[in-house]
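Below, each chain spelled out in residue letters.
Number of protein chains: 2
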Amino acid sequence: MNSSASIVKTILADRHPHPRIEKGVAFAPANIALCKYWGKRDTVLNLPVTNSLSLSMGQYGATTEIACINQPLDQISLNGVLLLDNNLPFVKRIRSFLDCLRMTDNRHAQSTPITTDTRFSVKTQMNLPVGAGLASSSCGFAALVKALDVLFGWQLPLKALSILARLGSGSACRSLWTGFVEWEKGERSDGMDSYGVALPEEWPGLKMGLWILDPNPKPLSSREAMLRTVGTSPFYSAWSSLVEGDLKALKSAIALKDFEQLGATLEANACSLHGLMMSARPPILYSTDRTLKAIHQIREARKQGLSIYFTQDAGPNLKLFFLDSSQAKIEEYFPDIHIISPWEV
Amino acid sequence: MNSSASIVKTILADRHPHPRIEKGVAFAPANIALCKYWGKRDTVLNLPVTNSLSLSMGQYGATTEIACINQPLDQISLNGVLLLDNNLPFVKRIRSFLDCLRMTDNRHAQSTPITTDTRFSVKTQMNLPVGAGLASSSCGFAALVKALDVLFGWQLPLKALSILARLGSGSACRSLWTGFVEWEKGERSDGMDSYGVALPEEWPGLKMGLWILDPNPKPLSSREAMLRTVGTSPFYSAWSSLVEGDLKALKSAIALKDFEQLGATLEANACSLHGLMMSARPPILYSTDRTLKAIHQIREARKQGLSIYFTQDAGPNLKLFFLDSSQAKIEEYFPDIHIISPWEV
Chain A
2 MNSSASIVKT ILADRHPHPR IEKGVAFAPA NIALCKYWGK RDTVLNLPVT
52 NSLSLSMGQY GATTEIACIN QPLDQISLNG VLLLDNNLPF VKRIRSFLDC
102 LRMTDNRHAQ STPITTDTRF SVKTQMNLPV GAGLASSSCG FAALVKALDV
152 LFGWQLPLKA LSILARLGSG SACRSLWTGF VEWEKGERSD GMDSYGVALP
202 EEWPGLKMGL WILDPNPKPL SSREAMLRTV GTSPFYSAWS SLVEGDLKAL
252 KSAIALKDFE QLGATLEANA CSLHGLMMSA RPPILYSTDR TLKAIHQIRE
302 ARKQGLSIYF TQDAGPNLKL FFLDSSQAKI EEYFPDIHII SPWEV
Chain B
2 MNSSASIVKT ILADRHPHPR IEKGVAFAPA NIALCKYWGK RDTVLNLPVT
52 NSLSLSMGQY GATTEIACIN QPLDQISLNG VLLLDNNLPF VKRIRSFLDC
102 LRMTDNRHAQ STPITTDTRF SVKTQMNLPV GAGLASSSCG FAALVKALDV
152 LFGWQLPLKA LSILARLGSG SACRSLWTGF VEWEKGERSD GMDSYGVALP
202 EEWPGLKMGL WILDPNPKPL SSREAMLRTV GTSPFYSAWS SLVEGDLKAL
252 KSAIALKDFE QLGATLEANA CSLHGLMMSA RPPILYSTDR TLKAIHQIRE
302 ARKQGLSIYF TQDAGPNLKL FFLDSSQAKI EEYFPDIHII SPWEV
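Just so you know, the protein sequences line up as chains A and B, in that order. Just so you know, our numbering puts the end of the first sequence at 346, numbered straight through with nothing missing. Just so you know, our numbering puts the end of the second sequence at 346, numbered straight through with nothing missing.
There may be inaccurate statements among the hints.
Because identical chains share one entry, a pair is satisfied inside a single copy or across any pair of copies.
List of simulated lysine to aspartate or glutamate pairs, EDC-like, C-alpha gap at most 20 angstroms [stated by the list, open to error]:
{"hint": "1", "residue 1": "Lys124", "residue 2": "Glu332"}
{"hint": "2", "residue 1": "Lys41", "residue 2": "Asp100"}
{"hint": "3", "residue 1": "Lys160", "residue 2": "Asp191"}
{"hint": "4", "residue 1": "Lys219", "residue 2": "Glu301"}
{"hint": "5", "residue 1": "Lys24", "residue 2": "Glu188"}
Hints listed in this document are in silico derivations from the structure and should not be mistaken for laboratory results.
Whole structure, please, built from the sequences with the hints as guidance.
Right, here's the structure in full:
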C-alpha cells in the first residue's frame with residue numbers, strides 16, 4: 002500500500018523529538034517549467050511519467066504560516082481571507098495533505114505530537130495570481146511543508162521535503178530551491194526516488210517576464226487536463242522521448258549559457274505541450290485570443306532582432322525569457338510584463 | 002523513374018485521337034477536409050501517408066478556361082489578372098504541371114497534339130479568397146485537368162483526372178466530385194492507386210459556414226508546413242493511427258447521419274492537426290488571435306445548446322458545420338459567416 006499517508010509516515014519515521022514552537026513560517030518560490038511535467042505514472046503519489054526542469058521565480062511565491070489550533074476544523078486562509086467553503090479545491094487539497102500527517106498518529110506521537118485530532122491554522126500569502134496557470138499550487142505546497150518542518154523541528158533534508166511537497170502537488174517538489182531544478186521521475190513504486198534536484202549552475206543575467214493576459218481561474222484544472230491527455234491523446238506515447246531530447250538540449254544550454262538554445266527549446270517544449278493537449282479528445286485549449294496575440298507579438302519582436310522566448314503552462318498567461326542585456330528594449334516592446342529576477346531572493 | 006511526366010504519359014497513353022476544340026472550360030468545387038491530409042510518402046507524386054476525407058464546397062471553387070496559344074510563354078491569369086511574375090508559386094506550379102504535359106511530346110502527337118513547343122493560356126476564376134487556407138489550389142488543379150480533358154477530348158474517367166489533379170496539388174484529387182470524397186492513399190510507388198473515391202451518401206441538410214478571419218496569404222505554405230512537420234515532429238509517428246480512427250468515426254457518422262459524431266470528430270481531427278504542427282521544430286502556428294476568439298465563441302455557443310463544429314486548415318480561417326435546422330440561429334450568432342450548401346451545385 003503506497004498511500005500518501007504511508008509515505009509521510011516513512012519520511013517522518015526517524016525524526017527525533019524536538020520542542021515544538023508556536024508556529025512555523027516559510028517561503029517557497031513558484032517555479033516555471035522550462036521542460037514541462039505532463040502525465041502521471043501514479044496519480045495518488047503524483048509520480049510523473051518523465052523528468053522535468055524548472056526555474057524558480059525569485060521572490061515570487063508563497064509564504065505560509067502554520068500553527069496547531071484548538072478548533073474542530075482546520076482553518077485555511079489565502080491572502081488574508083479565511084476560506085470557509087470546504088469544497089474549494091485549494092481547501093480540499095491542503096486538508097487532505099494534512100490528513101496524511103494526522104494519519105501518522107501514535108507511532109510518531111513521541112517525536113512529532115500529531116494525532117488524528119490535531120487541527121491546523123494554515124495562512125498562505127501569495128504574491129502571484131491564484132489559479133491562472135502561474136504555478137501557485139507548486140509554491141503553496143512547498144511553503145507548507147517547509148513551514149511544517151519549522152513548526153515541528155523535523156529538520157528534514159530538502160530532498161525529503163521535496164517528496165512531501167510532491168504528495169500535495171507534483172510540481173511543488175521543484176519549489177524547494179532557487180534556480181534551475183530538475184524533478185527526477187524516479188523508478189520506485191513508492192516514489193522515494195522522485196524528487197527535485199537543484200542544478201549547480203547560476204545564471205543571474207537570465208530574466209523572466211510575467212505576462213498576465215487573463216487573471217481569471219482556468220476553466221479546466223491541470224490535473225484534469227493531464228488525465229484527459231494521458232487517457233485520450235494518440236500523441237502521448239511520443240511525449241517521453243520528446244521530453245528526453247528537450248531536457249538534454251536545455252541542460253546543455255544552461256551549462257554553456259547558450260541563451261538562444263535555451264529559449265528555442267523551452268518555447269518549442271511549451272508549444273509541443275499545448276499541441277499535445279489539443280490532440281486530447283475532446284481537445285484542450287488553454288490559449289485565448291489574447292494569448293495568441295501575445296505569441297505573435299513575441300515572434301514579431303524576434304524577427305526584428307530581439308532575443309526573447311516564451312513558455313505557457315495550463316492557462317492563458319505567458320512567461321517570457323530574456324537576458325538582462327536586452328531588458329530595456331523588452332520593457333519598451335512589452336510594457337505590460339512584470340519582470341522577475343530568478344536569482345534575486 | 003516515377004516522375005510526374007511519366008505518370009501523365011501513362012494516363013494519356015490510350016487516349017484516342019479527338020478533334021481539338023478551341024478551348025476547354027470546366028468548374029471544380031473547392032473541398033474542405035473533415036479528416037486532414039498531412040504528410041507525403043512521395044513529395045514528387047504527392048502521395049500521402051494516410052487516407053483523408055473531404056466535403057466539396059458546392060458552387061464555390063474554380064472555373065478554368067484553357068486554350069493553346071502562339072506565344073513564347075504560357076499566359077496564366079487569376080481572377081482576370083494576367084500573372085507576369087514567373088516566380089509566383091501559383092504560376093510556377095501550373096507551369097510545371099503543363100511541362101509534364103509537354104513532355105508527353107511525340108509519342109502522343111497523334112492522339113493529343115501537344116509538343117514541347119505547345120503554350121497555353123490558362124484563365125482561372127475563383128470565388129474564394131486565394132491562399133488563405135481555403136483550398137484554392139485544390140479546386141484550381143481539379144478545374145485545370147477537367148478543362149484540359151475538354152480541350153483535348155481525352156474523355157478520361159474521373160479516377161484518372163483525379164490522379165492528374167493530384168500531381169498538381171495533393172488535395173485537388175478530391176475536387177472532382179460533389180459531396181464526400183475519400184482520397185485513397187494507395188500503396189503503389191507510381192501512385193496509380195492514389196485517387197479520390199466519392200462516398201455514396203448525400204446529406205443535403207448539412208451546411209458549411211465559411212468564417213474568413215484573415216484574408217491575407219498565409220506566411221508558410223502548407224507544402225512547407227507539411228515537410229517540417231513530417232521531418233521534425235515527434236508526434237508524427239502517431240498521426241496515421243489517429244487518422245484511421247477518425248476516418249472510421251466520420252464514415253460511420255455519415256452513414257448514420259449522426260451530426261454530433263461527425264462534428265465532434267472533424268473538430269477533434271482539426272485540433273489534432275494543429276497540435277501536431279505546434280509540435281514541429283520550430284513550431285508552426287496558423288491561428289491568430291481572431292482564430293482563437295472565434296473558436297472560443299463556437300465553444301461557447303455549443304455550451305448554450307447550439308450544435309456547431311469547426312475545422313481549420315493551414316491558415317487562420319475557420320469552416321463551420323451545422324444542420325439546416327439550426328441555420329437561423331447560426332446566422333444570428335455568427336453574422337459574419339458565409340453559408341454554403343455543399344449539395345447545391
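Do the hints match the structure? See the list:
{"no.": "1", "hint": "Lys124 <-> Glu332", "verdict": "neither (34 angstroms within a copy, 51 angstroms between copies)"}
{"no.": "2", "hint": "Lys41 <-> Asp100", "verdict": "neither (22 angstroms within a copy, 56 angstroms between copies)"}
{"no.": "3", "hint": "Lys160 <-> Asp191", "verdict": "within (15 angstroms within a copy, 61 angstroms between copies)"}
{"no.": "4", "hint": "Lys219 <-> Glu301", "verdict": "between (27 angstroms within a copy, 15 angstroms between copies)"}
{"no.": "5", "hint": "Lys24 <-> Glu188", "verdict": "neither (36 angstroms within a copy, 72 angstroms between copies)"}
Figure legend: structure checked against the earlier numbered hints; hints not met, in rising order: 1, 2, 5.
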